[in-house]
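Chains as they are written, first to last, in my numbering: chain H, 1 to 536; chain D, 1 to 455.
Please keep in mind that the hints were generated in silico from the structure rather than gathered at the bench.
It is possible that some hints are incorrect.
Claimed, not checked - Below are the DSS-like pairs computed for lysine-lysine, each with C-alpha atoms no more than 25 Å apart in a straight line:
(1) D:Lys-13 x H:Lys-136
(2) D:Lys-186 x D:Lys-228
(3) H:Lys-20 x D:Lys-86
None of the values given here were measured: they were computed from a predicted structure.
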Amino acid sequence: MAVNEKDIDSILEAYPAKVKRNRKKHIVIKDSSLAHQEIEANTRTIPGIITNRGCAYAGCKGVVLGPIKDIVHITHGPVGCGYYSWLTRRNKAKTLEDGKNYLAYCVTTDMQETDIVFGGEKKLAKVIDEVVEIFKPNGVTVSATCPIGLIGDDINAIAKAAQEKHGIPVMAFSCEGYKGVSQSAGHHIANNGVLEWMVGKGEMTEAPAKYSINMLGEYNIGGDSWEIERFLKEIGYHIIAVATGDGSYENLKNTHVADLNLVQCHRSINYIAEMLEIKYGTPWLKVNFIGVEATVKSLRDMAIYFGDPELIQKTEDVIAREVARVEPILNQYKKICEGKTAFCFVGGSRGHHYQKLFADLGIDTVLAGYEFAHRDDYEGRQVIPDIKPDADSKNIPELHVESDKKLFKLKISPEKAEELKKKIPLSNYEGMNAEMKDGYLIVDDLNHFETERFVELLKPDIFASGIKDKFIPQKMGIPSKQIHSYDYSGPYAGFNGAVKFAEDVTAMFTTPTWNFMTPPWKYKPMLEGTVEEEGN
Amino acid sequence: MLNFTPKELQERKSGGMINPAKTCQPIGAMYAALGIHRCLPHSHGSQGCCSYHRMHLTRHFRDPVMASTSSFTEGASVFGGGANLKTSIKNVFAIYDPDIMAIHTTCLTETIGDDIPAYLGTAEIPEGKIVIHCNTPSYVGSHITGFSNMTKGMVTYLSEASTETKKEQVNLIPGFVNPGDMREIKRLVKVMGINFIMFPDTSGVVDSPMTGKFEMYPKGGTTIGELKDTGNSRLTLALGSFASTDASLALERKCKVPAKIMKTPIGVKATDEFLMALRNGFVKEIPYELEEERGQLVDIMTDTHYHFHGKKVAVFGDPDIVIGLTEFVLSLGMIPVHVLTGTPGNAFEKELRAMLLEAGIKGNVKASGDLFEFHQWIKNETVDLIIGNTYGKYIARAEDIPLVRVGFPILDRSVHSYMPIVGYKGAMRLIEMISGALLDKQDRDAADEDFELVM
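Here chain D stands alone, though its shape is the one from the complex (with noise of 0.2 Å):
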């Protein structure tokens, strides 16, 4: 298993990626898109592209992933795409029926400067439905970008202020996480008693239940009055800087909603952020239900510490992901020695080393890294656990090292959609991860004279 990594680390000079850790930006356009409620994606490319993106998201989520594609043929990509454009948006609502409309790019497209906003001026864009654009080079940043993109274009195309003084609201920009994220964060602000608005919202899209019927359209994602009536909201909260700061500061810009950029609330530490922020910003006190749920948290975590303190991790993923789960692992007790993401951005970076730094840890801290790194990292530094997604396996495997899956994609094991990393909850269940698969091992190695029943 991946015998040809090397232990030497040698600096690789071409800007190659082999394994990478990341991937093009239409992906999470797609997938921001699918959070709007009667929504159709659209890939503005060669058919190829919208077929990997659905292939890889329905792997993921294990339910359908809708969305059609402008289907380029060669004289399209040297005469431009406008015609396939314009006969796809024809098409598309004729026989699709979508509310809404939102179109991405591809490295096509952008390399032949596709310029979609003429392209929809002359459009046939029936009475009443919406068709928004968002530009997505897949040569540009990662499919956080993407994701991050289309998120923004939402608010540029849709969101108005419309009321003279701001609603008691919140603005919820989740990021690139799981529907079962989305719920739960949707749960602690409920629960908060505020009011809210959350876009994207793949809940009720992607986990939809089983029912007898097909629905193209599911119940779930952000309405389109919801996403306009955003641009009322007192304030927004951006979980995660990568994937959801630019739409936050648009709103910002746009309609006035000051923006307050957080962690992705992940762990005990940025929970409790996420929660002052809505108990501050709308001068709520927090319910004795949350308050509670943090005490069995923190219970827990005392409770197993021996199972996970003082053990080596290393984490890799997206960067708000990684963040978050560094900053948890630290709180457990646990080292981080190796952190990578493949998402380039020097955010990344000095973040993760400000809190390698101030726990005392020297460790690898890498943007825009890959896998075969990574691993390289593990083989001169050994880890006794690896965070991160299903690619990871491959190095666990290779190691002898166990892994927890934990984000996007995780393409070997199911309902990990439908339960949340975030909130207390979230951080339970990390932990309940995190030991098990610790305890599992020193079981699995354990001599019968060391085998015990009780750990």
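Chain H extracted, bound-state conformation (with noise of 0.2 Å):
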């Protein structure tokens, strides 16, 4: 299965030169014999590549912000954005006893070709009016789509108005599409926004419970948040915030006083958990609930954190139980899935995880990338120092922050931090690459191209990605994932996850409906006779 250079440039060498010199560099074959191997990640995509990529506004909108359902978020551009990224995502939310859950409501500005020209602050503002009359959200987000930028509306100062004129919270978020590389952008400028104007507002000064936490970088795509919950309670953790699956404004306000903060998706989030470690003292421990395996260990690192023996019982009777509930059931699906193989690209943290719950069914990943990720989401955090910031980066507003005067807490000693960093990923990431197998490929913003190419190169048995190119391998035949929405399944996280995905997963291998692409014309002759033999 091993693929060697020969093959990539094979493949490459159908490329314009300039092409092939720029993808050959987001192209690796995992050799662990070397000291390092680097990966290009985070830089343009070429203009008419087929690429899977989104924008800085989904991002932004899309993904950090439209899951915070007490909130309402107002896109301010035409009406195309907004209407995209409403209800499409899949991050579910219950609604509270305030019962201020807006995520079905989508709300533009739907600019027109005069406001384009004679600017759409005044709309803007008067929209604002509107939905808080209408809702009256705990707050309201701004999110800004490309014309907005270009034209030069005001859409700090328009908030800032609105929120001395109403009391709540108002939240600009310039995450124009063209900013930055991909979604990516939009991330940061979310997470900046969040971390302004939304952590360290609330009431708390001490975490509220024994083992406070917040989950950052979950989505709760088909209820993954859920499922991790209902374990994490057993356990004992008082899960604060959300961010921002199925999150709230009122939550995530209170999200400094944790003692911990878990990160699950490390590209989207990484940025808060950071920040709040220097602002807040809380540091961040980078967890993976997605697998049976991932999930004990992100489950047993937690308890070695908190190292309090009662803590590690209870830990270590919930994984004893649920996993003698579980392994039985994925064991019957391992027969059917078991020595396949796995294309596995997805978003920023996604490709990396779900090799794991591939893994747990005997399925190897032989290609794995990711859509928008940087070096460290590959590399590992300690190539950050070795990133050189671009043109496109440097766009991105950082921001610098300093420990809260009042609010700072340091939650464990530097010394103790320093002795459970050997055990545990605490504050680290070690990255997809170190987990992948000699011999098999890892592409960055793997295109259509490639896509094709690969397939038929290394004829995966699964391909798991989201729904542009789903239906591409599907019509060869091959049985094609969304590991964005799950296909409308779910949840796959945790121990529960682990089994639904299992069982959607074997459901795709044996379809009956596979048996039925060839028609039987193409293989029946269409005379059809006997030979009779003598003496019959």
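Join these two chains into a complex; the hints should help.
The structure is reproduced here in structure tokens:
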């Protein structure tokens, strides 16, 4: 199965020279005999290339802000962007007692030609007024689309004035689609705003309960977060806020008092995790609740962090019970899945996390990559000092935070932190590459052309990606799983999620529908006859 | 569900939308471009636009939707997108090898004033390959406008009047409908025995078969040769005034092909008109096969009228589809009390008001409306049925009203894009859906003693 450089070159041969040079740097064949393998990531997509990537607006409003349920999210721009990011990401949310859940509403300023010519500030101000009057939300966000920055609407000034007028937070995000090189820019812009305008605004000054944690970078797709919370709560953790799946301003504003921040999606939320550590003294732990083995490890790492024997015992009890419950079920599915191969090309952390879920079923991931990750998501955080800022990354404002004079509280001593770092990924992420097997492929910003060629070369048994490329391998007869939306199933996280995933993936392999792909007249002769033998 | 939508209708003066009933131009242009054989649609703007449009179209059709993007950065937004477009053209032909590239713009490139024809003038376009474009500012009109603009672009770039006398063939512009509808329209014309060119034609592109092979450019779509030949046709039937008028008039101006602008042939009346236009235009009798289908439809309408007669209905969606649907539900004896489209256009309101006036119905009619207001209408005057796209399901659940899914997009059900709503067969399918939805609710709500075997 191992791939060599020649295979890659023969595929890239079809590219114009410039494209070939560029793309070669985004493709790595894992070789653990080398001290370090660098991959190019978070750089511009070449114009004309059919990429899976989206834009800064999609990362900001679509991913990070969108799930916050008690805030009304206004899209300032022509109608499309707000429309496409309306109810399309499966970030589930339960309505609490206050009833404030606005996820089924899409608010857009629906800018018209006159607004582009004369400016849309007045219209935006009026829309904010209307929204506050109709919905009485706990806050309002305004996300800018491409034309806003170009025509120079001052959304910050409008938001500030509206905040003073209405007495609720009104937050402006300059996440125009052309900023940065992918959704990633939008995550960063959103993270800055969440930290500046939401975190620390609550009344709490200390953790409300023992083992208080936040779950960062968990978006509750298909109910993932609810499955994770199920066993975390049973073990004894108190979850203050989830950022941002099933999230709310009401909870996020007290994020600062937690004893520990869990980071699930490193790419989309590591900025907040880092800033929370600097500003409020809370370390973060890289976790992965996707896959049984990964979930068990994450639970043990959390227990090690708190170091309380009772908590450790409870953790082991829950692990033992859950594993005993799901393992026999998974073993049944494993009989069908074992020995198969997968491609796993998703987002900015899922490309790594979902390999664990495949591994639980005995499926080997032979090609993996991210759509919008940075080098540290591949190579580990130790490369961050080596990443040179370029023109695109410089356009994303860096929020420089300092320790908060009133609310900073060192959650563990520096000595203890150093000791823990040797055992658990505390404030650290080692990246995906470390866990890939030798000879397997790592591809950044995999595009359509390469998808087709690599599928032909490696003939995976299952292709895990998103909606835009789902039906391409499927036409070739290869089952294709959406890992952004789970094909409208889930949850896939935690113990129950692993079972659900196994059930779904096995169904993809065993559905009788594949048997009908070739019509019988393609392989059966038209004239049928029997030869009569003598004596019969 | 939608608990914050108040019953009290208060005029919203901002001009903003809450729960829009339209989306932006470029997605319509991308969809139209997919209806050209071996064409790669290209989105000139930020890559998020292209991503959103491919995502949305793929969810509706459950088939690959291929398109490329100029992948703008901040630099391109400041200095203009010429370099990005030229690089795109070079890479698209080198890597993806389409016969034709159809470029549409976005709000970004329209705002900075990118001059596409000027860029095309200096771009390296390989010998024998074609690039066409249309402007699709997202801040004007809707996705239907975008579909219309790209279809018009096909005419302005490609149609040629190359024969001395016009050919005995008809141009059919189907409008923003599903491939299942396009196939049905073509079947009707084939049965009439008339040669035709349909453009754009997404059948065979976004409803491609499972064969074990991925085809970047499937069998379907109008060929470039056919698009050129549209200038030699004797007549153009523009089906759906919002999506098809501009292209048909451009063809009339450019190649002297007379344009007849008609309704999308939804329901018995509009299908009659469509066939009559073909009959009179080409002096062809309507074959018995179609007369029989019509007779079957009218038979069904009459036999089952008590399923739907007098029921109140609320219809929303794209203007051409809503106009056709409203006319048809009126033919069924239903009462359309709320009719709305998100697409702007006074013609929509005028046409529907006339229709309701003739039927003696006092109802709400609005273009440039949103689903927030549509829901409020329903809260003030409830209905027995909602007809519209998937977004209607939230209102349907909030108010416990059955929903018949028709139009674009339908994201939560499948097969719809293969099955027609046009023609007599399509009308039968609409009746099946309408009756089914109403009777399912009646069954669900019936007391045991009222629950019936035969209905």
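Point to revise | Violations among the numbered hints | key: none
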